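Asks: Chain by chain, the residues:
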Amino acid sequence: MKRRTLISAALASIALAASATASFAADWPKRPINLVVPYKAGGGTDAYARAISAAAEGILDVPVVVVNKPGSGGLNGANSVVGARPDGYTMMMTSGGSFLLSTMTRDTDIDALDSFEFVAQVGQLQTSLMVPKNSPFQSVQDVIDAAKADPGSLRWAHSGRGGFHHVGGLGFLANNGIEAQDVPFKGGGPTRAALIGEQADFGFLGVQQLAGFEDQLRALAVNSQERDGIMKDVPAFGELGIPFAAVSSPVIVFAPKGTPAEVVAAMEAALEQIAAKPEFAELLASRGTGPVYQNGADAKATLISMKEDATPLIESLTN
Amino acid sequence: MEIFPALLSVITDPILLFAIVLAAAVGMIVGATPGLTASAAIAMLLPITFYMSPLFALAFLYVIGKSGRYGGSIAAILFNTPGTAASAATQIDGYPLARAGKAGKAMKVATISSVIGDLMGDVLLVVGVGFIAAIALKLGPPETFAIYFAAFVVIGSVIGKSIVKGLASALLGILVAMVGLDPISSEERYTFGSFDLSNGIGLVPLMIGVFVLGEVFAQVEERRKATGETKENESSADGNDLTWEEYKPCLPHAVRGGFIGAGIGVLPGLGSAIAAFISYGEGKRRAKNPEQWGKGALEGVAAPEAANNAVSGPSMAPLLTLGIPGSTIGAILLGVFLIHGIQVGPTLFLTDKELVYKLFACGMLGIIAYGLIGYFGATQVAQLILKIPTNVLYPLIFMTAFVAAYSARGSMFDVTVMTCAGFIGWLMRKYDFNIAAFVISFVLAKGAEETFRQSLLMSDAGALIFVERPIALAFLILGAGAIAFRIRGIMKERKLAQGGLGDA
Numbered sequence: 001m002k003r004r005t006l007i008s009a010a011l012a013s014i015a016l017a018a019s020a021t022a023s024f025a026a027d028w029p030k031r032p033i034n035l036v037v038p039y040k041a042g043g044g045t046d047a048y049a050r051a052i053s054a055a056a057e058g059i060l061d062v063p064v065v066v067v068n069k070p071g072s073g074g075l076n077g078a079n080s081v082v083g084a085r086p087d088g089y090t091m092m093m094t095s096g097g098s099f100l101l102s103t104m105t106r107d108t109d110i111d112a113l114d115s116f117e118f119v120a121q122v123g124q125l126q127t128s129l130m131v132p133k134n135s136p137f138q139s140v141q142d143v144i145d146a147a148k149a150d151p152g153s154l155r156w157a158h159s160g161r162g163g164f165h166h167v168g169g170l171g172f173l174a175n176n177g178i179e180a181q182d183v184p185f186k187g188g189g190p191t192r193a194a195l196i197g198e199q200a201d202f203g204f205l206g207v208q209q210l211a212g213f214e215d216q217l218r219a220l221a222v223n224s225q226e227r228d229g230i231m232k233d234v235p236a237f238g239e240l241g242i243p244f245a246a247v248s249s250p251v252i253v254f255a256p257k258g259t260p261a262e263v264v265a266a267m268e269a270a271l272e273q274i275a276a277k278p279e280f281a282e283l284l285a286s287r288g289t290g291p292v293y294q295n296g297a298d299a300k301a302t303l304i305s306m307k308e309d310a311t312p313l314i315e316s317l318t319n
Numbered sequence: 001m002e003i004f005p006a007l008l009s010v011i012t013d014p015i016l017l018f019a020i021v022l023a024a025a026v027g028m029i030v031g032a033t034p035g036l037t038a039s040a041a042i043a044m045l046l047p048i049t050f051y052m053s054p055l056f057a058l059a060f061l062y063v064i065g066k067s068g069r070y071g072g073s074i075a076a077i078l079f080n081t082p083g084t085a086a087s088a089a090t091q092i093d094g095y096p097l098a099r100a101g102k103a104g105k106a107m108k109v110a111t112i113s114s115v116i117g118d119l120m121g122d123v124l125l126v127v128g129v130g131f132i133a134a135i136a137l138k139l140g141p142p143e144t145f146a147i148y149f150a151a152f153v154v155i156g157s158v159i160g161k162s163i164v165k166g167l168a169s170a171l172l173g174i175l176v177a178m179v180g181l182d183p184i185s186s187e188e189r190y191t192f193g194s195f196d197l198s199n200g201i202g203l204v205p206l207m208i209g210v211f212v213l214g215e216v217f218a219q220v221e222e223r224r225k226a227t228g229e230t231k232e233n234e235s236s237a238d239g240n241d242l243t244w245e246e247y248k249p250c251l252p253h254a255v256r257g258g259f260i261g262a263g264i265g266v267l268p269g270l271g272s273a274i275a276a277f278i279s280y281g282e283g284k285r286r287a288k289n290p291e292q293w294g295k296g297a298l299e300g301v302a303a304p305e306a307a308n309n310a311v312s313g314p315s316m317a318p319l320l321t322l323g324i325p326g327s328t329i330g331a332i333l334l335g336v337f338l339i340h341g342i343q344v345g346p347t348l349f350l351t352d353k354e355l356v357y358k359l360f361a362c363g364m365l366g367i368i369a370y371g372l373i374g375y376f377g378a379t380q381v382a383q384l385i386l387k388i389p390t391n392v393l394y395p396l397i398f399m400t401a402f403v404a405a406y407s408a409r410g411s412m413f414d415v416t417v418m419t420c421a422g423f424i425g426w427l428m429r430k431y432d433f434n435i436a437a438f439v440i441s442f443v444l445a446k447g448a449e450e451t452f453r454q455s456l457l458m459s460d461a462g463a464l465i466f467v468e469r470p471i472a473l474a475f476l477i478l479g480a481g482a483i484a485f486r487i488r489g490i491m492k493e494r495k496l497a498q499g500g501l502g503d504a
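Chains as they are written, first to last, in my numbering: chain E, 1 to 319; chain V, 1 to 504.
It cannot be assumed that every hint is accurate.
[As the list claims (entries may be wrong)] Far from chain E by the CB rule (all over 10 angstroms, computed), these chain V residues:
| hint | residue |
| --- | --- |
| 1 | F18 |
| 2 | V153 |
| 3 | R286 |
| 4 | V344 |
| 5 | E450 |
| 6 | F452 |
| 7 | G489 |
[Stated by the list, open to error] Pairs of lysine-lysine residues, derived as DSS-like cross-links and limited to a Cα-Cα distance of at most 27 angstroms, are as follows:
| hint | chain 1 | residue 1 | chain 2 | residue 2 |
| --- | --- | --- | --- | --- |
| 8 | V | K295 | V | K248 |
| 9 | E | K300 | E | K232 |
| 10 | E | K40 | V | K295 |
| 11 | V | K138 | V | K430 |
| 12 | E | K133 | E | K186 |
| 13 | V | K165 | V | K430 |
| 14 | E | K40 | E | K186 |
| 15 | V | K225 | V | K138 |
| 16 | V | K225 | V | K430 |
| 17 | V | K165 | E | K186 |
| 18 | V | K165 | E | K133 |
| 19 | V | K446 | E | K186 |
| 20 | V | K165 | V | K446 |
| 21 | V | K353 | V | K225 |
| 22 | E | K133 | V | K353 |
Please keep in mind that the hints were generated in silico from the structure rather than gathered at the bench.
Keep in mind that this is a model prediction, so the values were computed, not measured.
C-beta: ideal position from N, C-alpha, C; glycine also.
Starting from the given sequences, assemble the full structure and let the hints guide the process.
Replies: Take a look at the structure:
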């Protein structure tokens, strides 16, 4: 009880201090930086944030404090950051693909491309087509053939409608002219378990989810032009010549609109250094993920082109 | 048996032992504080554990989870407010015992039963971890739905005097659970355009509201009516001691509860609150003195307490081998494994076998630690709390409720939810609706709906999927049978009442 109130009091005072005084870009950063993660502690994006926080030591003079604000599929945290004082002491790290898609499907004033400043991308989560180990499908072509032979007979699992795994799967189906019934599960872990238990014929789940489960699952392809940087054994749709929708989830740091350009640039430079640290890669390796750095402008370009790919798929969803 | 060398190595490590005892004490305190849950405490302490060794960090959090679940029973007994969702069933008999001056006795029964249940669960885990994981895999959405269906039947055992009001309370619980995002289509429903509502109604603020605030309101009303004369809680030396003769009838209930809890723990996602209510319902049905249950039967404390703690052990099996967390605590522990570079999955028992068994050993020692602290500390705590006059205690509880509702997620909206739930809880008490049925159906409805609709999506033949799958069919028959049995029982009771007294 005491510990709890103490910590929340400490957090509250940090927040208060961060908002009470005006900040000057020149001497940024002077206080701890709050990095809001709109998901629960222990998840994939959270792991990136914790790794950033750990690896920031020695690069940023102040601690990076990870603040989890889960709820409403990531929009809860985004809502709190969009209204935060743009002084560089409150930023958000989120799964860019999920964030983009949720702003497209949900009724919200937030626009993933316009409501925030893009600071930098530090990681990448990619979805992939997987089947249970005992599945008759040995290749992506087997899946396509089976779906064509008996349209609508296959069932596929994903971690929730409107998420980037779901939209990626829809893109695969639509681009190959096949139909299959989706079965949404709640989150990545349950989806993987359902697929191992053969509750569905195939599934779209994060390629990093294969780590440690190589004897239970077979990843047929990763949903991208080129192979994943960490899970190198999984072929890419691009190299297989199979059409797909370029939907992935870059892990991006956002700052509230109006944050001074110098501050954004300083944080961008710091993130580039952090992402290059071997320590950062080590912390992520056990999860099957790794550092993928892009500067703010490139990260924004990635999301813009993803939006183009996803728009027709989202429209088919809502109709 | 890898567990024995693991136990030995943990016992001979004084720093680790100290961490276990500390975690047991911390867990008890957060568990006993209404609204502070072990999962909130773990989430808070998570960053600290980054700087510890993996075993240290995992053991610390794992033991907090275990003792927090036990600690919930303390608040349930003393204040009629469940410290955790899992202890909501404990208060049904625990609080009447406390009112009758037997708080210490009830807490000792809760402690012993928790230790029995928890140890049973852990033994099952150590012996059958691979087997449990295999079962968990076999259970797809249709099977899980059938289990939810069977679990819904437990509402019948707590439904109380009026069947209509009991069912109405259950329906209200289901309706409230529907607010938020649709589990399948992810579209908003019953949110009336409110962003806050799109996140759904949280279990923690809802429970604090109906149980804690509702109780405070009810007390305030009672006091206004009874001017001058106020009833203080009594406490006597006799009420704090527990003899073997008194515990003896509780033992079969605790053991049965242990089996029920361990069974539920195997199924990821059902959780300890459900185990506690099923065990309570089963216990009441089989009890020699069912008329005492709900009015202060020690057995009514033993049954749910053993069950909710027994969930802890087996739920680690699907977590460790499949990466499916059975609870919030499980989800956080999963994160700790990954943060420390330990890959959870079927290969865990090959790569980090020693660590896993040491963790299990720490868990068992943690159970003993909270058992000892609880057993010998319970009387002192009970006496201390009961010495506080009620007109000081209730305002304190009232304030704690607000702090707890806010701090769980740092959300003012949750405070609003809690306040509304408080008025609803008070009204439900006043007009004899059933709060337990309301909360159980709220807890069960989401999972039941999700698995039901997943099953239909999986099926080529609509609802027939439940018949095609033998395990699902078995649970559906079990549930339907239990309902039929209960209806027969109610009819009999009615006849007896009509024949005996002439007024039903």
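Asks: Does each hint fit the structure? Answer for all of them.
Replies: Against the structure, the hints:
1. Look at F18(V): its CB is around 17 angstroms from the nearest CB on chain E, clear of 10 angstroms, so calling it non-interface holds up.
2. Listed as a non-interface residue, V153(V) keeps its Cβ farther than 10 angstroms from every Cβ of chain E; the least gap is roughly 24 angstroms.
3. Residue placement check: R286(V) keeps its beta carbon more than 10 angstroms from all beta carbons of chain E (closest about 34 angstroms).
4. Residue-level check failed: V344(V) sits 7 angstroms from the nearest beta carbon of chain E, not beyond 10 angstroms.
5. Its beta-carbon lying about 7 angstroms from the closest one in chain E, E450(V) breaks the requirement of being farther than 10 angstroms from that chain.
6. At roughly 12 angstroms, the least C-beta separation between F452(V) and chain E is larger than 10 angstroms, which holds for a residue marked as non-interface.
7. Once the 10 angstroms rule is applied to beta carbons, G489(V) is consistent with being away from chain E; the minimum gap is 37 angstroms.
8. For the suggested pair K295(V) and K248(V), the alpha carbons sit about 19 angstroms apart, so the restraint of at most 27 angstroms is met.
9. The hinted pair formed by K300(E) and K232(E) meets the criterion: a straight-line CA distance of about 26 angstroms does not exceed 27 angstroms.
10. A hinted pair counts as satisfied when its Cα atoms are at most 27 angstroms apart, and K40(E) with K295(V) does not qualify at roughly 40 angstroms.
11. For the hint linking K138(V) to K430(V), the alpha-carbon distance of about 45 angstroms lies beyond 27 angstroms, and the restraint is violated.
12. Under the criterion of a C-alpha separation no larger than 27 angstroms, the hint pairing K133(E) with K186(E) is consistent with the structure, at around 22 angstroms.
13. About 12 angstroms separates the Cα atoms of K165(V) and K430(V), which keeps this hinted pair within 27 angstroms; it holds.
14. For the given pair, K40(E) sits about 14 angstroms from K186(E) by alpha-carbon distance, which is consistent with the 27 angstroms threshold.
15. Between K225(V) and K138(V) the CA atoms are separated by roughly 57 angstroms; this puts the pair beyond 27 angstroms, and the hint is violated.
16. Straight-line distance between C-alpha atoms of K225(V) and K430(V) comes to about 14 angstroms, which keeps the hinted pair within the 27 angstroms bound.
17. Between K165(V) and K186(E), the direct Cα distance comes to roughly 33 angstroms. Violation of the 27 angstroms bound is thereby established for this hinted pair.
18. Restraint check for K165(V) and K133(E): the C-alpha separation of about 51 angstroms exceeds 27 angstroms, so the hint is violated.
19. Proposed proximity of K446(V) and K186(E) is supported: the alpha carbons are some 12 angstroms apart, at most 27 angstroms.
20. At roughly 22 angstroms between alpha-carbon atoms, K165(V) and K446(V) fall within 27 angstroms of each other, so this suggested pair holds.
21. The hinted pair formed by K353(V) and K225(V) fails the criterion: a straight-line CA distance of about 63 angstroms is larger than 27 angstroms.
22. Between K133(E) and K353(V) the CA atoms are separated by roughly 24 angstroms; this keeps the pair inside 27 angstroms, and the hint holds.
Hints 4, 5, 10, 11, 15, 17, 18 and 21 from the earlier list are contradicted by this structure; the remaining hints agree with it.
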